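Number of protein chains: 2
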Amino acid sequence: MDELLRYFQRELPAINDFLDKEADQLNGLVRDVAKHILGSGGKRIRPMLTLLFARAFGYAKDDHHAMACALELLHSATLLHDDYLDDAELRRGRDAAHLVFGRTETILAGDALLALANEMGARYGNPRLSWLLAKGIMETAAGEIEEIEFSRNPSLDRETYMGIIIGKTARLIECACRCGAALAGATPEQEDAAGDYGLNLGIAFQLVDDALDYASPTSETGKPEGGDLKEGKVTLPLILLMEEGDEAGAEALLEALKDGSLSDGQCADILEQVREGRYSERTREEAAFYVEEAKSRLDGLGTGEEVTVLRQAADFVLTRTK
Amino acid sequence: MDELLRYFQRELPAINDFLDKEADQLNGLVRDVAKHILGSGGKRIRPMLTLLFARAFGYAKDDHHAMACALELLHSATLLHDDYLDDAELRRGRDAAHLVFGRTETILAGDALLALANEMGARYGNPRLSWLLAKGIMETAAGEIEEIEFSRNPSLDRETYMGIIIGKTARLIECACRCGAALAGATPEQEDAAGDYGLNLGIAFQLVDDALDYASPTSETGKPEGGDLKEGKVTLPLILLMEEGDEAGAEALLEALKDGSLSDGQCADILEQVREGRYSERTREEAAFYVEEAKSRLDGLGTGEEVTVLRQAADFVLTRTK
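Residue numbers (our numbering), protein chains in the order written: chain A, 39 to 360; chain B, 39 to 360.
Calculated from the structure, these hints are not laboratory results.
Just so we're clear, the structure is a prediction, and the values are computed from it rather than from any experiment.
Each hint can be trusted.
One copy or any two copies: either way a pair holds, since identical chains are not told apart in the list.
Simulated pairs of lysine to any residue, SDA-like, Cα-Cα distance not exceeding 25 Å:
{"hint": "1", "residue 1": "Lys360", "residue 2": "Asp121"}
{"hint": "2", "residue 1": "Lys99", "residue 2": "Arg166"}
{"hint": "3", "residue 1": "Lys173", "residue 2": "Asp101"}
{"hint": "4", "residue 1": "Lys333", "residue 2": "Arg48"}
{"hint": "5", "residue 1": "Lys268", "residue 2": "Arg141"}
Working from the sequences, and respecting the hints, build out all of it.
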């Protein structure tokens, strides 16, 4: 993973500087909220993917930052609104923004970051970029809504679950990849290859996230252990466990998740069963399939530095522990 | 105002149909919220302005609805978030959306409407439209933030007040007018004339709104009488009253507004003083200046039906009673 690390180390400072400068220009009421969420140790995967695909398709100019960072701002806007609506207490190990700054500041900071992201994409005067960004914003908003609907009426249906993780995570990562290709003026086929890489990578990314939720101590992920279960969220480790158990047990669990009546003891029991059945590891195995799918989309793109880094990024998504 | 009425009667059904169809396609969790705010008797001024300027500059195609309605959706998105953050109870005489549907549905419906508005503007593949819309969204988000900041730290400074009403209202109306011109492929000078008309009209519109707040019974405006004062909002009628009173009284009032300690008796007393001093009427007189400014921007645009309607629309803004 040497190339990946080197590439990120080389490019991240300029991306972080750009994000900082844009956030500095926001109104005082929301500026600190924006800086809080942007400074909370995000991996900058979205802007890096935009940059990597732009260069993979031959983009030689140095004005990619607004486009690349737009995706990070959009992602951050979503986190602000989601954490508030979920009453989340932690984000990447720090207090969630709404607890530090209040609901008004947090909601408005989300609105401002979304607006700024959109404006940054429009700076290029490129209709394809504006369209991709508009679609990405639309799909992400729909994904947020579907996730909340699902959490109110959870099911153990895999297809529904896949739809949720595509909407909440994978579409925006697809968008980041497509925007890079479009910035470089790639052909529709090339853009589709970039988009397919991103979609599959995004699915794998979220599957690993859902696996980590059951497998990692808080100190690594910055989120409470088993947090998804405690919040009543149905993810793949739980679906796998229920698929192998009896139907009555599954139905009782769904009911308990729906009305929030799961006791601490039941919670601990389920966490133990997930560990014993290695359902977190099996979720990673599913993710491995999507990582391979993602990498296969790079086959026609040569062997340049960016393509190497994109392959390593896919492997990194699978092996990450936080 | 015959031409204005006829024009609105002719065009509004198609605009309302379009808004309905777009709202119908939203996810179930937010669809009813969108339909609630869109069906609450908005005047559709923004879409009508887009349409009027498009046609005034010779646009002959019939695909203006997405662009025109994008502005209405954007406006509605703002209302949803604002009413929630203001804890507003009424909107156009009906219960505010967050009281009917809950905070999650309302915040997410705002996000979804904003995303949809943006996507509708991007459908044209016209970089100027995307840029104008992105700027309009950005300015509106900033305007919301500035207004809330101002309400927390109110002042009797007219310049600050004008900045607030430009940000919260006039910029989006300017955007609607510019988008109409840009849709028709107008020259930059023509677009500026449309934008100046909109900016001045928007200022007048908000001044009249602020005048009505002190002058109209709830049954006409659908908002509680003197609601701005009760919410601690400083608007022009109050500024005019304070400018003519003593400084100590003004400072005491500002303090009371800031810490929310204005008693019902003090409130009633101020409402009475505003009535006696005719400060609401004098606010309308200020609005009349901006209406004339707006109309003057139409001078080079000929005498077609749309220009007649635009003149009448400016007069209507001034004379409206709700």
